[in-house]
Each structure stands twice: as C-alpha cells, then as structure tokens.
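Take each chain as given, in its own frame, and dock them per the hints.
First to last, the protein sequences are chains G and S.
FYI, in the working numbering the residues of the first sequence are 1 to 298.
FYI, in the working numbering the residues of the second sequence are 1 to 302.
In case anyone wonders, no lab produced these hints; they're calculated from the structure.
Some clues are possibly wrong.
Below, in silico cross-link-like pairs of lysine-lysine (DSSO-like), each with a Cα-Cα straight-line distance of 30 Å or less [unchecked claim]:
no.	chain 1	residue 1	chain 2	residue 2
1	S	Lys147	S	Lys266
2	G	Lys189	G	Lys157
3	G	Lys267	G	Lys107
4	S	Lys171	G	Lys111
5	G	Lys150	G	Lys291
6	G	Lys210	S	Lys266
7	S	Lys194	G	Lys111
8	G	Lys210	S	Lys271
9	G	Lys111	G	Lys285
10	G	Lys252	G	Lys210
11	G	Lys189	S	Lys271
12	S	Lys266	S	Lys101
13	G	Lys107	S	Lys171
14	S	Lys101	S	Lys245
15	S	Lys194	G	Lys40
16	G	Lys150	G	Lys111
17	G	Lys189	S	Lys267
18	G	Lys260	G	Lys291
19	S	Lys245	G	Lys107
20	S	Lys271	G	Lys289
21	G	Lys111	S	Lys245
22	G	Lys252	S	Lys267
23	S	Lys171	G	Lys189
24	G	Lys291	S	Lys245
25	S	Lys248	G	Lys107
26	S	Lys147	S	Lys106
27	S	Lys106	G	Lys210
28	S	Lys289	S	Lys248
29	G	Lys210	S	Lys101
30	G	Lys189	S	Lys266
31	G	Lys111	S	Lys289
32	G	Lys285	S	Lys245
33	G	Lys107	S	Lys194
34	S	Lys267	G	Lys210
The model shown is predicted, which means the values in this text are computed figures rather than measured ones.
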Amino acid sequence: MIDILKNLIAFYEGGDRALRIPMTAFIDQMTRFESELDRKILKVNPGNSVVLTDFARNFIPYAKKCLRILEDGVYSGINLDDHKTEQHITIGIARDSMTTWAINCIKSFNKMHPGLRLSIIAEDSVTAKMVDNSTIIFWCIEGDLPYFNKMWYIEYKYGLYASESYIQRYGEPSLSAMSQHKIIAYSGKDNNASLTNWHLTGDYNLPSLKADVLTQSRDLIVKMTSEGLGIGAVCERQDVYYGYPPLRRVLKFVDGPILKSYFMVRKGVNEQTYCNVMLFDQLFKSYFKSKNVKIHYE
Amino acid sequence: MCRDGFSEACREFQCDPNRGLSYLQELQRCLGFVLFEGDDEPSRETLSSEGRSFFPSARRLVDSYVSGILDVHESNQRDDILVVRSTFSYGKNLLLPCIAKMTTSKDWQHVGIDLITQKRVGSNDNAEAHVLFMNYRDSDYLFFDRKWTLVLSQGLYASEGYLLDIGNYPKTPEDLSSHSILGYGDVFDRDAYKRLNWHLSGEYGLSEMEPSILISSPGVITAAVEANLGIGPVVDSHVQFGYQKLFKVLPEVTGPPIVLDFAVRKKIPPKLGGVVHELNDLMLKEADKLELRVDHRSGSIA
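Just chain S, with the same shape it has in the complex (with noise of 0.2 Å):
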C-alpha cells in the first residue's frame, strides 16, 4: 500500500498515522535505509530510491505471509464445505436461492457449505472464507481476487398501507417532517450508524431529521417499511426480494450506493473449484435478472 504514499496507506489500513509513523520507523531501523523521499516530511507520498528497490521484495513478503495463513486456514479446514460470507440480507435474498438452484448439479454431492452472516471479529476472520460478498476495505482483499461488484442504489420508500393511514403523501422533502420516519442504529450509540442513516444527516437532498423507530438491523428495516410503521432507507432492489408493495416517495431523493463485491479466496481446495465457479455465473445471472448494476472491476491489492 505504501507505493500510494506513506497516508494513503494509513487512511486505507485505518491506522492512526503517529502509530503507522513508529511502525515505519520500526522497519527503517531493521532495514537499515528510509523508505520514503524526505523522510522528515509529514507527507510522505514517493518512494526512496531503495524504497523502490525493496517494493518487490516487500511484495513476496506479503505473498509469502497471505500464503502461510491460507495454508493455515486450509490444513484446519474441510476441503468439502465452502465458505461463505455474506451480508445478512443478500445471504439470505440473493446467495440462497443460488446455492438452491446449485443442489441438481453433480459438484454438490460431493460438498457442503457454511454460510456465515455475521460481523467478523478479527483481522484474519475473512482468510477462513472462500467467497466474500460483502463490502470491505482495498486492504481486506489480502487474501482474495475481487471478480465483480454490486452497486446498488437506494432511496426512501413507504408501504401503501401506511400512506393510506397517514393520507398524506410527501410531495417535498419538507413534507417529511410530519412523517414517521425510520433510522438505523439505537438510542444509545448513534454514532455507530452514521453511514446506514444518510437519511438523518441533513444531506442529500433531505432536512436532518429524528427518527421516531431506530432499529438495529439493516434487514429488519425493509420489513418495518411493509408493516406501515413509517418512511425509511431501503435498497431499490429489495423490492424484488419480495417487498412488492412498497413505493419510492420522493423519487428524486438518491441516498448513497450500497456496494457488495463478490471475491474469491486465493487459494481455493480442488473440490470446491467448479461449486465456487457455478456460484459466481449463477449470481451474475441473477443480478442480471434483476437489473442490477454489475461493475466488473476485479483484482486485489496484494
């Protein structure tokens, strides 16, 4: 990361830059030579002469360290049951049915699959999958090739039922302000869903507003917009995972993408080769069927 400029790569590694510092400093001192032009400069955003010398080796060092741990991971694992790890909702609307229409095919006999939905908890949580779709920093991609990416737009959205109770619907974002809206997060720790609650913020297009419901699970959110409990932030495809009578109030309100990658583990057992193969080209037809947008950037950074 550090061919970026020294913080760049503290920004992406979301390390504290005087940490970052003493870690550069650290590995200075066992190589014996500065990394960056100017060392003294705050900046730090070209390479030294040896700095650029040492870049490859760096690189099969991290090859090297990225091999290990899949080894690792390998050894302990059984080379029959694919790993997945998913978003809850997308686990659940969109890889399922997948892995459904998967059960005819010869490949499956022989393996199973672990779907995983929750939230990771260490650095190294994700090297144990061998298929990511989630949304994940550059430097998360250690071990994985990205192959395509979901970017999916979303917007406000209410049920009938509840527009028909309130008789009042909302022609500008002012309008709002006399409607149940929904937010993410709970009482206690807002801070903590500053991104899934775009809406609240005062941007995009909207006035800040207070939520009257917080619910604490992006999936549940969707379900409480059916239930007629309010105005909320719903994903545009969502609507064809079974939320067909939801409308989108005031169209031209566009909250920020939602961008899921689909990505494959490095290092993939022969057994599950052709499962993981036969997943990726029935998630692209279904993303196809549902005219969503696919971004076919791919690679990874290591």
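Chain G with its partners taken away, still in its complex shape (with noise of 0.2 Å):
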C-alpha cells in the first residue's frame, strides 16, 4: 500500500518521470489499486498520454495523509513487513543470474535451512510485485528503490559483442562499416531503456546507429548474440552472469558504460530474517568472489 501511494503521488507531482519504477509496473500497480477502489485512477488523454483521472487527484491530498501515518508507524519501531518476511524469504532477481549462477545460491540456502519458505521472483525488469513483496532485491539499478537499503555492488562494464560465427559469416565489424551489421538492441519502453541502448545514442566513440534486431526481453540480449544474429551490447564476463560461453569483443575502442547490480535488502526486517538476509549475502558475495568479480561498497 505504502509503495502504491508513494507511486501515485510522484505521478501526480512529476509524470513518469518521478516514478521509480517502469510505467507499465506502474500501470499494473494502479489497475490493482483501481479494482480494489473500484474507482478509475488512471486514463488515457486524447493525445495517448495516461493521466490521472479527477478522482484520483481529489484522492491526493487522502493519499499523502495516509502515507504519513504509515511511515510514522514503519519508522516508529512497529514492523509492517514481520507477517511477510518471518516464516518466508521471498527474492526478487533478474531471470538470468537466477537460472544461471543464483540458484546455486538457493540451493546452498535451502540446503542449510530446509524448513523455511523461499519465493523466488524472477523477472526480466523490476515489477511492482518485486519491489512490494521482496525481502531481498539484486538488481541493476539507478537511485534507489523505497524501503530497500543498498548493501554492495559488482559493476558490469559494457562492449560490444558479437559470436565466432557472425565475425566467420560477416568479418571483423569496423566502425565505418557498421550501418552494414545487424545491431541488436532493446525494444522495451521501461525507464532504463536508453540506458540499455547506450550503443544507439551516437555516444561512446559510435556513429548512431539503427537497430535492426531486438527484443523486449534484456535476458535474450546475449541470447540473440551468441546465437549469431548481430552485434550486441552486452557486459563483459558472459560465462560468470549469463553462463553462456564467452562473445568476442569487437570494436575494443568502444567502451560502454559501468552499470551497477545491487544487493538490497528491505528496511525494518526482524532480527531472524535479517539472519537468512545475511546468509544470502555471503552466498552471492562466496559466487563473486569465486570468479574474482569485486565487490563494492558504497
């Protein structure tokens, strides 16, 4: 409820782009909260933009009261998320690393506390879901997220990449002649689109460049890549965060940006999740270190 209110409220005073979430999270989240109001909150105005309806801003000023209250008894010691989080841990992680590294890690956990309820949210962008149910979030991500305090971080530093077979197919791509290849990109709309597109913006020693594969799913990125369908923009280390074999590099001059993964814990956990929380932490921190990846702390 806090979450939704939050959200709704930032909407009503900067539009999408005060939302922390991606829109169509947002989207799913108000369509949850309108059905439990059975009150329209969101419409669609004539020139397609989703605005609030005049119920929803009426609502507003009810909206912040309410928050008030409830984030004065969050911080005052009485734990809204104990009948969550004490008999279950519930993680909120991208699809990817979840069936690629981190299931090892819950395998490890499962094997040291058998008797405790895991949840595993597995998706391919942050959903409303995550961010109201997670005890735990590992995720890249820029800001921060409400109720979640940022513990460390492993960076993933972006290239270029194409598979053997396309660099066989198609040669070495030069920079001249990259109007010529197929570049793979992100056709999602969610607020770190532009960020997953770095290699369209004509930055980064690029022309701008058109994209002529994509997907909306960023876990079939590499995917598409290593299956030798263009040029894609992914983070280096492959075999450690996706466990596919290692792309070659092409255009090496282009370094892409350094994104951060975070491993995020909710506030105000009780003592006995903070527990399970901690051995979570030292399991990703054993796997990263493990493949000599660096863990920072902020």
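Laid out in structure tokens, this is it:
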C-alpha cells in the first residue's frame, strides 16, 4: 500500500519521470488499486498519454495523509513487514541471473534451512510486485528503491560483442562499416531502456546506429548475440553473469557504460529474517569472489 | 461469437454476463430489433431471424474494424521488422534457434526482427505483432490466422543429483510428502498461478501439496529442478532444451497439456512475407525433429 501511494503521489507531482518503477509496472499497480477501490485512477487522454482521473487528483491529499500515518508507523518500530518475512524469504532477481548463478546460492541456502519457505520473483525488469514483496532484491538500478537499503554492488562493464560464427560470416566489424551490420537492441520502453541501448545514442565513440534485431527481453540480447543474429551491447564475462560461452569483443575501443547491480535488503526486517538475509549476502558474495568479481561498497 | 449463443460469447470474451447483457441491449436499441429468440430468456442461445440476417453485416463490421486496426498499426510500423510475440521459454529455446538458421537466407539480409516475450498489457497489443507463438483464447485471434498448434505434455521431474541426495525415489504419489516440491507463484498471490500449479491441487492422481519453494517464472522452475532444489512440474520437451539430466518421477502422472498456437497476422507487409513463410517451415521442422505433437487445426474466428 505504501508503494502504491508513494507512486501515485510521485506520478501526480512529477509525471512518469518521477517514478522509480517502469511505467508498465506503475500501470499494473494502479490497475490493482483501481479494482480494490472500484474507481478509475488512470485514463488515457486524447494525446495518448496516461493521466490521473479527477477522482485520483482529489484523492491525492488523502493519499499523502495515509502515507504520513503509515510511514510514522513503520519508522517508529511497528514493523509492518513482519507478517511477510517471519516464515518466508522472497528474493527479487533478474531471470537470467537466477537461471545461471543464483540458483546455486538458493540451493546452498535451502540445504542449510530446509524448513524455511522461499519465494523467488525472477523477472525481466523490476515489477511492482517485486518491490512490494521482496525481502532481498538484486538488481541493476540507478537511484534508490523505496524501503530498501543498498548493501553492496558489483559492476558490469559493457562493450560490443558478436559470436564467432557471426564474425566468420560477416568479417570483423569496423567503425565505418557498422551500418552494414545487424545491430541487436532492447525494444522495451521502461526507464532503463536508453541505458540498455547506450550503443544507439551516438555517444561512446560510435556513430548513430539503427537496430534491426530487437527484443523486449534483456535476457535474450545475449542469447541473440550468441546465436549470431548480430552485434550486441553486452556486459563482459558472459560466462559469469549469463552462463554463455564468452563472446568475441568487437570495436575494442568502444567502452560502454559501467552499470551497478545492488544487493538490496528491505528496511526494518526482523532479526531472524536479517540473519537469513545475511546468509544470502554471504552466498552471493562467495560466488562473485570465486569468479574474481570485485564487491564494492558505497 | 454470438452465433454460438450469447452465454458462450460472454464466456469467450471473459465478459460478465450482466455487463454483456447491457451491451446487447444497447446494440439492440441502436438496431431497432432483437438479436436472439426469446430475448427474455437468460440463455439466449438461438439467433432471431433478424439476428441471422444481421450476422453477415456484423461479420463485415468486424472485418472492417480489424482491417482498420491493422492498417493503423501498419502505418506506424517499420515494414522491414518482423514482430514476433512468444512465451519466454519457447521464444528462447525454439524460436530463436530457428531465426538463427534464417540468417543465411536472402530475405533475412533486408529485414530485422523484434522478439517480444513480455505479457501483453492491452487488448490491441497483439495487433502490433506479425507472428504469435503463445496460447490465447479464440477471441484474441481477431487479427490473426492460426496456422498450427503445439500440444505439449508435462509431468513431474527431479534431477539425478536431488534423488541421490535425498536417497528416496518416489514410487507412489504419497511418497511425495517427504520431498521438496516446487510451485509457481509467490506467497502473497497463490491464486494467480492456479492453472500452472496443477500438481498442488489434489487432482491428476496426486494429493494436495504445499510447495517448499515458490518461483514466479515458468522458465526458471525447470532450472530449479535441474539445480537439485526438488521435484517440480516440467514440460516434457524441456528435457530436449538442454535439461537432459532430469528424470520423470511417477511417469503415470500427467499434467494438463500446454498449448501454443503459431498464428500469423492477416495482413503482412510484402517485405516480410517470405521470412514468415520460412519461419513457419523451420518451426515445423524443428517441432518434428523434437518429436513434438503438432495439431494442424487452423483458421480464425473473425
């Protein structure tokens, strides 16, 4: 409820730019809120943009009041999350991370605590459900997630990559001939889309490129690159992060952005949950240390 | 849809019958005649003579609507990007390898692809796609012709490592009570995953079970089974997608089939026609190679 109200107020005050979740997740969240209230919160105006209904605008002062009361409760030590975390632990993580390396951490945890119920929310982007329900979120994110503390992070260094089969067929790509190559990109429309498509921006020593192999799933960008469908903007060490055989880096002078994936823990979890969270903290760190991935602290 | 009766149309469109009735009454007011025999009957199974006469016009109306929507989408889209909407798992494991095979063809040099694996959010979202490889209700095929259907069986699987660790191979459904069972969903919203959690429901020859680990994504559950986390529902064909180390436990237990339709948009830009045709052929060949069951029921409802 807190996140619903926070997002509603953020959208009212600053539009979709003020949201810390993707617009699609916000719409999902508001759709659920609408059915709970049996009132419309969002409407599409003639210019095709999503705006608040009159009802929602009138509701804002009450939402702010509710939020103040709820926040006071949370931060004065009344732990509203205890009922969620007492017997369960929920982890929000990217689907590709879960299917490759994180599943082994879950396995180790499960061996140590076979009685504890685990719930895994493995998605392609941060969803409202993930933010509402997770005890731990491991995600590449800018800024902060409401009600989560950032504990540590790892860095992903991006560059341009292609498969051996692609290079054999089309030759080593050169900067001047990039327009003749198939470029793989992300076609989703969430807040991080432009960061994922850094190679199309005209920066990073690259000309403005047009993508013609697209996907709305970040997981599949690496798969498409590895299947030889084109040149992809992928992070280094695909074996560590995605479980794919390493790809060939092309245009080595092109250094893409460095993105950070944070290990984030819900604020105000009880002591027992915190012990379990720390166990996951150690398991995740151990994996990265075993692969010589540096752990950073802010 | 009303040709099959009003209540059937409401079911198909997942429309509340009361709301459907108010739509029907509004339509009848506009038309000036009733569409069903015995309009006061709750079932409204038979079209009236006026309803039957109106039916071809209604069909033309739908065609015209569909054509209009498709034209609008076409004018807003690049005509050299093939848009495919698929489930994540089959997009990754079946579609993408087929698309990779197409990269050597001439047609591929002039076109690109957009593979969408996210759930749709709006009723007209599918109209942007040229090819669907998912499971939809008939009413979702307004803009598409269904070409063929994959019918996939599923059962309960465990990894060899898990069975060795636990030292207890389940021989009867009752034996499952001493095992770690994987389920779909999350602890806060179990109802949303009822259809996927067939193995927990107390049907299919199994007792009701509580999962020890819940996972939100169907694609991840197979990986969790392979990682020795427990026994879970897996589509039999996943064993051919690189999960060879899985064993079917209680082979007599068969879950409900998963159905995926390969459907092609009624209007395809000329540049993409050849690629769609080639993709259709490659997918069928791949399905044949994997010995998957293909049902060739085709057509659309519009």
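So, going through the hints one by one against the coordinates:
no.: 1; hint: Lys147/S to Lys266/S; verdict: holds, 11 Å
no.: 2; hint: Lys189/G to Lys157/G; verdict: holds, 22 Å
no.: 3; hint: Lys267/G to Lys107/G; verdict: holds, 25 Å
no.: 4; hint: Lys171/S to Lys111/G; verdict: holds, 24 Å
no.: 5; hint: Lys150/G to Lys291/G; verdict: holds, 22 Å
no.: 6; hint: Lys210/G to Lys266/S; verdict: holds, 28 Å
no.: 7; hint: Lys194/S to Lys111/G; verdict: holds, 27 Å
no.: 8; hint: Lys210/G to Lys271/S; verdict: holds, 18 Å
no.: 9; hint: Lys111/G to Lys285/G; verdict: holds, 18 Å
no.: 10; hint: Lys252/G to Lys210/G; verdict: holds, 20 Å
no.: 11; hint: Lys189/G to Lys271/S; verdict: holds, 26 Å
no.: 12; hint: Lys266/S to Lys101/S; verdict: holds, 25 Å
no.: 13; hint: Lys107/G to Lys171/S; verdict: holds, 24 Å
no.: 14; hint: Lys101/S to Lys245/S; verdict: holds, 27 Å
no.: 15; hint: Lys194/S to Lys40/G; verdict: holds, 28 Å
no.: 16; hint: Lys150/G to Lys111/G; verdict: holds, 26 Å
no.: 17; hint: Lys189/G to Lys267/S; verdict: holds, 25 Å
no.: 18; hint: Lys260/G to Lys291/G; verdict: holds, 17 Å
no.: 19; hint: Lys245/S to Lys107/G; verdict: holds, 17 Å
no.: 20; hint: Lys271/S to Lys289/G; verdict: violated, 50 Å
no.: 21; hint: Lys111/G to Lys245/S; verdict: holds, 20 Å
no.: 22; hint: Lys252/G to Lys267/S; verdict: violated, 43 Å
no.: 23; hint: Lys171/S to Lys189/G; verdict: violated, 49 Å
no.: 24; hint: Lys291/G to Lys245/S; verdict: holds, 25 Å
no.: 25; hint: Lys248/S to Lys107/G; verdict: holds, 20 Å
no.: 26; hint: Lys147/S to Lys106/S; verdict: holds, 24 Å
no.: 27; hint: Lys106/S to Lys210/G; verdict: holds, 20 Å
no.: 28; hint: Lys289/S to Lys248/S; verdict: holds, 21 Å
no.: 29; hint: Lys210/G to Lys101/S; verdict: holds, 23 Å
no.: 30; hint: Lys189/G to Lys266/S; verdict: holds, 26 Å
no.: 31; hint: Lys111/G to Lys289/S; verdict: violated, 39 Å
no.: 32; hint: Lys285/G to Lys245/S; verdict: holds, 28 Å
no.: 33; hint: Lys107/G to Lys194/S; verdict: holds, 25 Å
no.: 34; hint: Lys267/S to Lys210/G; verdict: holds, 25 Å
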